[in-house]
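Participant: Sequence:
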Amino acid sequence: MAFPGGGMPGMGPFGRPTGGGGGGAATPDFNNLSPEQQQAVMVKQMQAAMESCPVKTVISGGMGFALGGVFGLFMASMSYDTMYATNTKLSDLPWRQQVRAGFKDMGSRSWSSAKGFGMVGALFAGTECVIESYRAKNDLVNPILAGCATGGILGASGGPTASAFGCAGFAAFSTAIEYYLRHG
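Note that UniProt numbering numbers the sequence shown so that position 178 is 178, with each residue one more than the last.
In case anyone wonders, no lab produced these hints; they're calculated from the structure. Every value quoted in this text rests on a predicted model; they were computed, and no experiment measured them. Ideal Cβ placement from N, Cα and C applies to all residues, glycine included. Be aware that one or more of the hints could be misleading.
In the DSS-like style, the derived pairs of lysine-lysine whose C-alpha atoms are separated by at most 27 Å in a straight line are [claimed, not checked]:
no., residue 1, residue 2
1, K137, K44
2, K115, K44
3, K137, K115
4, K56, K115
5, K115, K104
6, K44, K56
Between beta-carbon pairs, the in silico distance windows are [to be verified]:
no., residue 1, residue 2, range
7, A156, L93, 18 to 26 Å
8, W95, I59, 18 to 26 Å
9, W95, A156, 28 to 36 Å
10, G158, R100, 32 to 40 Å
11, M46, A156, 21 to 29 Å
12, A136, L33, 29 to 37 Å
13, A66, K89, 31 to 39 Å
14, K89, W111, 18 to 26 Å
15, I59, L140, 16 to 24 Å
16, S34, M78, 51 to 59 Å
Given only the sequences and the hints, what does the whole structure look like? Please build it.
Facilitator: Here it is, written out as structure tokens:
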């Protein structure tokens with residue numbers, strides 16, 4: 001796989017890595033490798049990128065945003081006749097205004113839910129990744145600590161009690177989920 005400019009991402013001219021110097025083995029020119037070797041190099045680079053905390057955080061936040069949007073859309077579509085902003089029942093309005101109000105409500109609920117889910121997903125994944133990197137272990141303690149930190153951060157605006165309950169609640173929930181995922 002040859003890249004325009006005669007190299008691969010992160011590589012300068014003549015197959016030398018860009019940025020930082022220092023020791024290490026000399027990197028061979030990417031274009032002089034066989035297709036199988038090029039593929040192996042690219043797979044290693046993609047795996048390294050997927051294991052980095054910023055990428056995990058962005059992916060989890062994006063997936064949480066998408067899931068939250070779908071969840072908000074579903075919940076808005078399941079709600080029934082509510083009071084309109086002018087204290088008029090929605091069913092008393094003409095059909096076009098009902099549809100317009102319904103779509104507006106679905107959009108606002110979907111957006112609100114998407115932001116919340118995205119924030120929780122990114123915060124939890126980023127926190128767990130940092131804890132796992134710091135502890136250099138992948139065990140049941142990481143999601144418990146990440147859940148506690150996430151719940152504490154989300155509840156911080158409500159004061160110390162809300163933060164403590166958020167910590168305990170998120171830790172318990174993430175423990176249950178992680179235990180189920182590890183032990184089936």
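Participant: Please list, smallest to largest, the hint numbers that this structure does not respect.
Facilitator: The structure conflicts with hints 2, 3, 7, 8, 9 and 11, although it agrees with all the remaining ones.
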